[in-house]
Structures are given as C-alpha cells and as structure tokens.
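Number of protein chains: 2
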Amino acid sequence: MNYYAAPVRDLRFVLEEQLEHRSLKLPVFEDASPDLIEAVLEEAAKLANDVWAPLNDVGDKKGTTRNSDGSITTATGFAEAYQAYAEGGWNGIGVSEALGGQNLPEVVASSVQEMLHGANMALGLCPMLTAGAIEALAHHGSEAQKDRYLPKLVEGTWTGTMNLTESQAGSDLSKVRTKATPEGDHYRISGQKVYITWGEHDAAENIIHLVLARKPDAPEGNRGISLFLVPKFLVNDDGSLGERNDVTCASIEHKLGIHGSPTCTLSFGENAGAIGYLVGEEGRGLNHMFTMMNEARHKVGVQGIGVAERACQHAFAYALDRIQGRSPRSGKADCTISDHLDVRRMLLSMRARTDSLRALALTCAAEMDTARHGESDEARDQAQARVDLLIPVIKSFSTDQAVEIASLGIQVHGGMGYVEEGGAAQLLRDARIAPIYEGTNGIQALDLAGRKLQRDGGDAMTALIDDVNATADRLKAHPRFASLGEALAAGSDDLRAAMAVVLAQGQELGQDAVQAYATPFLNLAGHVLCAWQMGEAALKAQVAIDNGASDPFYTQKLVSADYVLKQWLPVGRAQRAVIDAGMQCLSDFTVSS
Amino acid sequence: MNYYAAPVRDLRFVLEEQLEHRSLKLPVFEDASPDLIEAVLEEAAKLANDVWAPLNDVGDKKGTTRNSDGSITTATGFAEAYQAYAEGGWNGIGVSEALGGQNLPEVVASSVQEMLHGANMALGLCPMLTAGAIEALAHHGSEAQKDRYLPKLVEGTWTGTMNLTESQAGSDLSKVRTKATPEGDHYRISGQKVYITWGEHDAAENIIHLVLARKPDAPEGNRGISLFLVPKFLVNDDGSLGERNDVTCASIEHKLGIHGSPTCTLSFGENAGAIGYLVGEEGRGLNHMFTMMNEARHKVGVQGIGVAERACQHAFAYALDRIQGRSPRSGKADCTISDHLDVRRMLLSMRARTDSLRALALTCAAEMDTARHGESDEARDQAQARVDLLIPVIKSFSTDQAVEIASLGIQVHGGMGYVEEGGAAQLLRDARIAPIYEGTNGIQALDLAGRKLQRDGGDAMTALIDDVNATADRLKAHPRFASLGEALAAGSDDLRAAMAVVLAQGQELGQDAVQAYATPFLNLAGHVLCAWQMGEAALKAQVAIDNGASDPFYTQKLVSADYVLKQWLPVGRAQRAVIDAGMQCLSDFTVSS
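Residue numbers (full-length UniProt numbering), protein chains in the order written: chain A, 1 to 593; chain B, 1 to 593.
Only chain A is shown next, with the shape it has when bound in the complex (with noise of 0.2 angstroms):
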C-alpha cells in the first residue's frame, strides 16, 4: 500500500490550463516548448516513481548512521539514488545554461521538486540545499570561485549545505559565533553549526558548505557576519579533489521525522581551523544568505505539497481498500470506508487543499520566472513584488496545512494510521519538520505582515487582492459559479479589512504591534489566496467541460472548487474576526511556568 504516483496531471492542469504556459512566452525559455515540458514532466515521474518512492520507507526505518570516524553511511539505496538523479541531468533543471543547466522554466523546476519531494522528502532535501548554494554563488561568488566549484554542484557531483544556525543563533542569526581568522587568500574557519542538512554523507564525492561566520575584528550584530565556502575537500587548481579540510560531523540529531536525511553538527576548525574562502562583500553574509532562502522558502512549501500530495494518495488507496460498514450511499453491507460521507469529508478536504496549495505555489513559480527573465525592469519588478509576497504565504501555509492533511491521513486510516507499519504516520513526522526550518512559519508571518506589507504601505498587496477580486467578479458573471464568486468575494473583503487593520498598526505603533497580527493575517491570506486559484481552476475546468472535455479530472475540479470555497475558506475568514478583536490579550497574559 505504500507506493506514490507523482501526480503529473494535475502539475500540468496547472501549467498549462491554468498558467497558460505563461513562463514559455518569456524569450529565455524560448527552446522550451509544451512537449518538452511534458516529456521533462513525465520523466521526472519515472524517477520518483520508480527510484525515489520505494525508498522512502527505508529512509524512515534505517535512518542514517555515523560512524566512528565520523563519516554518515546514509541509508541502503540513497546513494544510488541520489546518483540516479544527478546523472539524468535534474540537478541543473532550473539552472541556466551558461551555468551548466537546462534552462527550463521554475514552474517546470518546482513541478520535478514536488514530485520528488512527494517521492521522498528526506532523500529531496539534499538537492534542495545544493540548489541553495548554487543560487548564492551564482549571485555572489567571484568568477573564480563560479568556474570552480558551480560545474560541479549544477551537476550534482558535488551538494551543497547552507550552515547558519548555532546553538545560541536560530532564528536570531545575528548571535552567530563562527569565527573566520585571515590567512593569505583565504580564512581559517573555526565555532560549530548545528541542524546542517545533508552536511555529511556518502552519496557525493564532495560537499561544498556555505557557512556564516565572522572575521576576528567584526561588529557585533548582523553587519559583522560574513559568507564563506568551505569544501569538505579542498579542490586543486586542476579541479581535482585535495585534502581533506578541517571540518568533522561531530553528532547527527535524532528526529521525529525524516530519518533518511542526516541533520548534522558541524565542528569546523577541530584541529588547524577549516579553510574557507570569502563569498561577496565583507559584512553581507546575511544578505547573500537570504539570496537563497528565499528560494529555499519556496522549495520547502513545495515540499509540503508533495507529502500533503502523497498522504492524500496513501489515504485515498486505504480508503478503497478497507471494507467496513454498510455503505450510507447504496445502502450495500460491507463497502469500503470511501463510502462513508465522514471520510469522504476527510478525502476531498485533504485533495482540494492539496490541489489549491500546488495551483499557489506554481502561480509563485510563474511569477519568479518573470521577474527573473522578464522584458522589462517594470515586468521584472512587479513580478518580485508578488514572489515576496507570496513566498512566505506558500512557505507556511502549505506546510502547516501539509501536517493537517498528513494528521488526517492517520484519521481516515483509523488504528493502522497510529501503527508504523500503516505509512501514514512516517508522512505526518516528515511533514512536521517543514513549519520549522528555513524560518519558522513564524518568521515567516512576521516577514508578510512587517517587511513586505509595510515596506510599501500595502500596494503590492492591494494588487493582488484586485487580482482576486477580478476573478472573483469573473465566477459572478459565471452562470454557474455565482456562489463561488460571492464566497471569493467575501473572503477577499475580509484580507483587504484585515491589511488595513495590520497596515495601522505597524504605522501607529511600528513593526513590534504588527508581531501580534502576523499569523493570523498570513492564514487569511492563505485561504484566500488558495481559494482565489481554485476559482481560476473552477473557470478553466468549466472551460474545457464546454469544449467537450468528457476526463471526469474536470469535473473532480470543480468539486475541489466548490470544497474551498464553500467549506475551507470560511474557516480562513474567521481570521478577519481574531484581528478585529484585537490583541489585547497577548500583551495581559503572563508567561509563567
């Protein structure tokens, strides 16, 4: 029962019913016709399907050891796995050709990391980081540094780390220790990092650590923080691989979820201090990070679609499996549970979510390209004023919706769902960790609700709740979706109510009284943002019903639709009420213990 089938029909509704292949038209991906992406699509699959999935179980059981020495055996098949993905080309998917890449679009990109992701969550965030260190080099690295050491991560010969966190510097990376000491072109790194993935493994020949770290006579604070390179070997001028440098996998944490992933700490400097070299300007690190995790923010919502993608697959086969009770629909004595109108609530709600979050995330996709590639500064910059925008409202609510829908795929399998043996439990301890890292969904809300929403008194914002509200308009004039239009509508009253409301306070009281409003703004925007894709996927569905489409996926579309509309967003709404309420409370409660 534990098997996945990447989901290539509805990535495709998505990017080509719904987006209209809106990335190809850009002249940069002009070699990248609708064919292409569906054989790239369908290849993908194949690789998650066959390759990655069966794996995703083993992760779970075996884990990933350390052994005496240090070094990480990963767990039987992840390796070859790994291997498999690199030599078919994946790694540089999105990367452009001049850096090796295939140049394709990152609708495209994060359509294959979804299916990757859904395949086999710890084993995908090993690529995942390696794309966040090639995006800083790309941006930040020195021409030297670029022809180094970027072949070799594009192809994925080499993966990459992002080393920030120290015990005393989570989500406050301004407390960071590492020390990095000159010495002749280069630095002598030494301090510890910890919660490092994929810092140490077998499945590369050479791992290449982007480190946060600060020089001897450094400011205190975020100023003082630089970036440097830190390869596990160090790399000859002929591209060869040298000595072993000064950096040890101390201890490997033991998690709740994502066993097949090592989450390492790492000891730089033990013994002659780790060399490292300097990555752009002197007292940027934190800038040129934040480079990547915005893509990195991206990639694990994306991350959460696909666990929320193959827990709703894992429910769904149970549920047309496991034969219990008489059937409230036919009457029929033993039918399956799928037949039971309070799982079938349980069903479409995880489907309808899932389909909502991924036509979000693609739509951020869409728009990265643009203003990546856009042909004008203003395509370009209004473009990234949306990708701000939604990044944090995809990296949180797709995750935290991923452990709703993971938690009810243990529901609809009832006790087999609380045994190991079940698989769903192993979804809900993977998904848990993605509200976590690359910023806590917290983190996250305070960045929509303080930087992006204020920084510009809410333009970007008011734009796309007018985007929402002229689909909206286009479900009223619909003859049959005016209810849905209403419901959108509404919701989108109540983000455009509860901006005005978050906009006041940060004027009046400044960014620490916005804190208080910041979740609950970024779970409306969820809602109604998801609700305002499922609208456009309502529009195009009906579309191709008229044209004689007779797939019942159509039709099923429009009841995910209906669903979140109708069913999810009110839930969402009720979040316009918690803000107008106020936060009173918040400031009169005493923390005690």
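These are computed hints drawn from the structure, not numbers from a lab. Note that this is a predicted model, so its numbers are computed, not measured. Incorrect hints may have been included.
[Unchecked claim] Below, computed lysine to aspartate or glutamate pairings styled on EDC-like, alpha-carbon distance capped at 16 angstroms:
id, chain 1, residue 1, chain 2, residue 2
1, A, K332, B, D512
2, B, K175, A, D334
3, A, K332, B, E404
[Said to hold, decoys possible] Pulled from the structure, derived: some chain A residues nowhere near chain B, Cβ distances all over 12 angstroms:
id, residue
4, I72
5, E243
6, D246
Every residue gets a Cβ at the ideal spot worked out from N, C-alpha and C, and that includes glycine.
With chain A held as given, fit chain B onto it using these hints.
Below, chain B without anything else, positioned relative to chain A:
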C-alpha cells in the same frame, strides 16, 4: 526540562469555584468534604509528579519488549509505578465503597486521571482499561463474578482489558468472529483480537480480559455478539490463581507513540481454547460493552487534556528559558522567546484551550455524578441526557485539540521541537492516538449528530444551548464582560441554527445524510461549549477579584477567557457557514486512486 507539575490549582478552581463542589451536595458523597478532596488532589499530584512523570521519557525510549515466550516486559520502572498507584488505593477512587472503592465523585476521579495521564499517558492507559472492566462487571456481571473478580480489579492487583477489535471488525463491530463454544458452565474462546491495550504485561499478577465473541449458533450481526470474561490465569474457588489460560500475546504493535503501553494482538485458543465466562445476557455483548465505552470515552477526552497540559508546561518552560532576539515589549536585547508576541500567541492559545477543555470535561463529570446519584429520577435522567451529549464532544474535541496543542508545543521549540531529545515531539506522538481509539472522532461525531441529537428531536441540546445563553446573558449584564457576552451569544445562536439544519437533514433524509454534517457540527459545539465554560470561568474569577483576591491566577483566567471568546470561538463559528453551505460536494466527489 522534561518535567511535569500536576495542575492542582487549575483543577481546584474548576471544582471549587466554577462547579462550587456541586457533586459533594449529593447524599452519596456526604462523607467527602472539600478538605478531603483537596488532600486527595495533593496526594495524587505527588504520585503523578514524583513517580509517574519521570518515567514518561523512559517509556517512550525503551518501549515494551515481547519476549520469545509471548510475555511482555514493560519499560524499567513501569511495573513499580503501577504498583505504587495500586497500593495507594488510587484504582478505586471513583468506585463505590460496596465494591471496595473510595466512593469519591467522578469529578475527583477525573481530576486524578488528568494528572496521571499528563504525567505518563502510556502508563495511564493500564488503569483506564481496568476501570472499564470494573464498570462492565459491576453492571452486568453475576454476583459470583463480582465476588470473584471485582475486589482484585478494584484494588488494582489485577488489571482489565477490552477485547473488541478484530482485523476485519474495527468501527463495525458487527463483524466480530471470535468464537465461544459452550462447555459445561463455561465457554471455550478462540480467535484473534487486535489493538489490545495492556493486553499482556508484567505489572500485575493477573489480567481479566473482557472479550466480544459469538456462540457457534449465534445470528450474524450485532445480536449474535456476547461478552465473555477470560482471565489470563484462571481463578480458583478460594481466589488463588490457577492454571494459565489459553490466551497469548502473538505480537505487539510498533506505534507512533505511547511506546510504554503494550498494544497487543491476543490469540485466544491456540491450543485447547481459552476458558471464558459469559457476562450478562447472551447476545447483548455490544450493549454491555458500550456501558464501559461511554465511560472510557470521557476518560480519553481527559487523557487528551492531560497531554495538552503537559505540552503547555513543556512549551512554557522552554519559552521562558530560550533566549533569542530583541523583546518587542521592553526593547531589551536578548530576551527570552516568551516575550515575542507571536510566541505568546501560541502559548496563550495552548493555555486557554487547555483551561477550557478541562472545565468542560469536569462539568461533564459533575453531570455524571448527578446521573448516577441524583436524588430523583428526573434529576438523574436530565443529567444523563446532558452527559450523553457531552461525552462525544469531550472525547473528540479534547483529543483533536490535544493534537493541535502538542503540535503548537513543537512549534514553540523551533528546531529543538523536532529532535526527540527536546521532549516536545513525544507529546505529539502520544497525543495522536487519542482521536482514533475508543471510537474514532468521526464515530463520535455521528453519535452526536445522529443518535444523540435525533432521538429527542434536539431537546437535550436545546436545554444545553439555553444554558449557554444564560451564561451569555450574565456576561452581557456584567460591566466588564459585555463583549464576551455578545461573542458567546453569537456562538450560541450559530449552534442553535446549525442544530436546526442537522435535525432537518435527519428528518428529511435520514441518519445517513447527517453523516455529512456530523464533524462540522461537533466542531462547532466544541468551540461554543468551551467558550461557555470560559465565560463561566471569567465570572467566577471576577468574583474572586472583587472579593479582594490578589492571586494573579484570577487575572490570568480572565486573559484565557478573553482569548477563548474573542480569538478562538470565531474559528469554530465558521463551521456554521460550512454547514449552511450544504454538503453536495461530498456526494459529487469521486474517490479514486
């Protein structure tokens, strides 16, 4: 950091101030004084804090071991901790003196249960199941059976189990196949039962299994099922233990949580057939079992509250210790995260919800006391009608909330929440079973919206909603609480309106149609009833403040009440819109893999 302090102060507030020791006014409890109850709570807290709580982590890490002979070794210290409980007389706390118990009210027994489950949920399950067996025997056993088995069960020397589920018979117990073949004055039982909590263990000298099975000539379906008593060791006429019965533990489950609790597959009659004795009437096994199921469902709700309380304490302690970032309240650098408003939002949400769930569960316990011991038939019947409504709400809503609260507890911990060392993850893993066992939460919702609501046309629910309105009126009339009263009244109106929809559906389309509305209706009821309790709590806390109480405990109850009524209730009220939207989408939905 992994500690627990039983919430005696909070429990006493509900028992003494909110419920005004209502149960003690029943003649049957004339020997129980407030002072005695205070002493009992303090003693139970010691057992919970000093003996049970330190083993919570041990049970999780060590789990239980099944030995090659089928015996079970529980985690180090568990057997002793159980024996300390039994020797302290705690097992009989809510049992009448006639049966060898302490004859204390259910409100007190439930309070003690909450503390013990908060301390160690996995261990708490052992006496919880025994209580069910006591209840079933006390109601349905013959005098000879009571004489032979009850004293040892009540004193806790022996434990009890409930053997219902078989692999093909879960929510649908009509499919039970275990066979009971008559043989003289007893039966030979053969078959396999799954998910038997504490089905085999080393913590007590005997185990009394209560087993659903059918005679060879019994009709199909529910009416063919009878209840049998099957001791692990046969009991001689003089009360001494005789031969080992033919029941063995075939395997134990590898579960997501409650690792300290052995969940067994029990094989009856692998050899000659296990000797069993009919309990109560032939063919009435399911009815007899439901006597204990109802009690057990309340206990599972209380268990959820216990774990939620522990998750609160765990998160509060971490938030008061973890330093990160600048305080948005004082501006001070390097504050504890308990100063961040978004963290405070999570903590208050955890605390306020737990407070309200506790008050509701104990209010139900007070009704249980009246239902059992009220002075008139009318008083008993009225109380029972209310208990019947409240139990499915308390079971489902407390356990769903416990899962959310435990998950928020992880979130408060950030990265440390995801590593097992932090202790927060165990609480989510443990809590996650509670929405599944003793009837899934979906089954509870059907029980409420179907049987309980429809059978009296909503009379009992109307009386309950009237009481909620009365509280809303008192709040509205109070100069401090007008806005809380408005909020509660609005919630109450929603519940009344939703009830009308559900009743109409049931009358027009039958019980099957009600299924679609059941979970949203229960969810709405849970929110409104919790809000009702916190409205009551606010009124009582204000009385104490008006009387000059300076304990900040009271002002903090007002903060909890404010949160529940203004920030949490609106989310529940959204379920009215969900219900009003109708459930057509659930029928239109095609479940396909």
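Broken hints, by number: 3
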